[in-house]
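**Q** Protein chains in written order, with this note's numbering: chain P, 1 to 367; chain B, 1001 to 1294.
The set of hints was computed from the structure by calculation and includes no laboratory data.
Hints are supplied without guarantee of correctness; some may be wrong.
What the hints assert, rightly or not - Straight-line alpha carbon distances no greater than 30 Å define the calculated DSS-like cross-link-like pairs of lysine-lysine that follow:
| # | chain 1 | residue 1 | chain 2 | residue 2 |
| --- | --- | --- | --- | --- |
| 1 | B | K1188 | P | K37 |
| 2 | P | K124 | P | K113 |
| 3 | P | K258 | P | K341 |
| 4 | B | K1094 | P | K18 |
| 5 | P | K188 | P | K66 |
| 6 | B | K1097 | P | K17 |
| 7 | P | K2 | B | K1188 |
| 8 | P | K268 | P | K258 |
| 9 | B | K1188 | P | K130 |
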Amino acid sequence: MKVVLQNLTKRFPNRNKKIREDVIAVNNFNFEIPDGKLIGLLGPSGCGKSTTLNLISGLEKPSEGKVFFGDDDVTDVTPENRGVGLVFQNYALYPHLTVKQNIMFPLENLKGKDKLSKEVMEQKALEAAKLVQIDQLMDRRPGELSGGQQQRVAIARALVKMPRVLLLDEPLSNLDARLRLQTREEIKRIQLETGITTVFVTHDQEEAMSISDLIVVMKDGIFQQMGKPQDVYDHPVNMFVAKFLGTPAINMFEACVKDGFLYFGEEKILPVPGIKDGEVYAGIRPEGFVLDENGPLSCDLKAVEVMGRDTSIVCRNPSCMTENIRVIVNSDRALNSLSGKVRFSVKPAKLHIFDKTTEVTLEREGV
Amino acid sequence: MSKFKGWLYLLPALLFLGIFMIYPLIDVIIYSFEENFNFASQTYSGTGLFNFRYVLRDPYFLRAVKNTFIIVIITVPLSTGIALLISLALNSIKALKELFQTVYFLPYVTNTLAVGLVFMILFKKTAYSDGLINLLIKFFGGNSVDFIEGPYWAKLFVMCFYTIWIVLPFKILILTSALASVNPDYYKAARVDGTSRLRIFTRITLPMISPMIFYLVITGFIGAFKAYSDEVAIFGSNLNAAGMNTIVGYVYDMLYGDSGGYPSYASAASLILFAIVFTITVVNLMVSRKTAIR
């Protein structure tokens, strides 16, 4: 089931009653979530991700705009009639009910012609439990389960009615690091097995990039970019997206363009055809640096962190907007010394140039 | 040394508890087995179960037990139920919520004498007026009833009405805060699943606040068994004459009433009350533990 958001806007009255202006949590969203895909809604805290999710689920009414499931306009449809499954950040499992009762709870709400017999309900609950691999825990209570198991129960409860759209609000934030890795693969597997269009909200870009078919980046209620994770990473539309995606973060420089060349101060870095002369911001991904004795970029070496597969080099350059530059290089290319100067050349594909006022990415020729 | 220190810290509390609680308790138990104990001369004529036998055969005591049980059985469930309804209503309104909360809490901070006066105006027949309630009854074509000195059921009605009204504010306070502390995500989850309002109440709200309800029922039972001052506020201090005495009232009368000076009977009666309250509280706790969520 594809989900279409059309001019979707949500305004909340300001908490501070003295300020009459509304807070715009979601500002004029227009995008289409294709059928059967896993979508990551990504953005820093307070950017309106959860509100967007609530608008899709129907828990919040939009101030303006429409929501479509397939061709159905569901804007005025109540949550229970939309056919959505929602998994809450804290799972919201009923603590006094067993796992089985929790999973069966949505089914027991069905009335009239949809009413199911006890056997069918148990059968469906068991199927959902098997899907998330908790079928041996059916008689436990949520308090007796680990965080990861509770998460699975919550997903099973959301899936048991076979929703048209599955929504997950920060599904991994309550889990520890190891479990997070495991669970995100699990979510991907469940999504592939059921083929249900799934939207999940996260502030963790790694989480979103690793399992999403598509990611949507937002900031302050404003849609920034949507695309395949790798595409968004490689071709960010603006400085915010470039800075938000990737760990370690992209290194930002004050730079200028002269006669088709990019300069950091006096250092002539590389040709940037197609960009007008003037001051710009330049961003270089940590993996975009190559150790090169004759490279154009010279930095003061501060520290070297060996992390097994990779080596992280911390160094400084006066043009850099942050104190330190973080460089990731392959560990085979060992550094000769641990202090003094180090020189790099820059991979053109890992360099992004942004307009100094609008912070929009400036397109180059041949990249 | 550290062991000794621990006891040293406990000493002040133990001392006061010992003098003002443990010692009197033991004393009461001793009195209850001593026949015709006299405070002034500190003498008694024998030991045994005579005091208990006397109290259990005393029609005044049996009347008091009956009154007390009626008050308990009627007021505890009713007051808890009404408090729950009012709390649910308070929880679901937004406008004027604080105003209503204050209004419902007023009886709790109002002086008992003032409350007694209000009930007089409502119920008491005087030379000048039949009381507000009687005016209402007459308005709807009924016959006026003397609620304070009239038939037993009328007196019981006023008694229960008063008791419920006086305990409501506290229960409402506890239940509104219990309701407010239920995580709203449960209700959101229920909404997405299309749960009916009745089912949300019975399957989510009620289990979530059940520890508080049990707390209120248990303390309500204990409080109602100890009813006395409310009765005095309405019917005056001669409760036996009004036929509205309670167990605690009986104990008080035996100690200090006109007939006064029977500490042995008073002790026996209070021990019987203790046995009743103890049994019922244990049953309550067992039921609540069985149904409580882990």
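**Q** Does each hint fit the structure? Answer for all of them.
**A** Going through the hints against the structure:
For the hint linking B/K1188 to P/K37, the alpha-carbon distance of about 25 Å falls within 30 Å, and the restraint holds. For the suggested pair P/K124 and P/K113, the alpha carbons sit about 17 Å apart, so the restraint of at most 30 Å is met. Between P/K258 and P/K341, the direct Cα distance comes to roughly 26 Å. Compliance with the 30 Å bound is thereby established for this hinted pair. Straight-line distance between C-alpha atoms of B/K1094 and P/K18 comes to about 20 Å, which keeps the hinted pair within the 30 Å bound.
Of the pairs offered as hints, the one joining P/K188 and P/K66 holds, with about 28 Å between alpha carbons and a cut-off of 30 Å not exceeded. Between B/K1097 and P/K17, the direct Cα distance comes to roughly 18 Å. Compliance with the 30 Å bound is thereby established for this hinted pair. Taking the CA atoms of P/K2 and B/K1188, the gap is near 24 Å; set against the 30 Å cutoff, the hint holds. Distance check on the hinted pair: P/K268 and P/K258 sit about 9 Å apart at the alpha-carbon level, within 30 Å; holds.
A distance of roughly 25 Å separates the Cα atoms of B/K1188 and P/K130; the hinted pair therefore holds under the 30 Å criterion.
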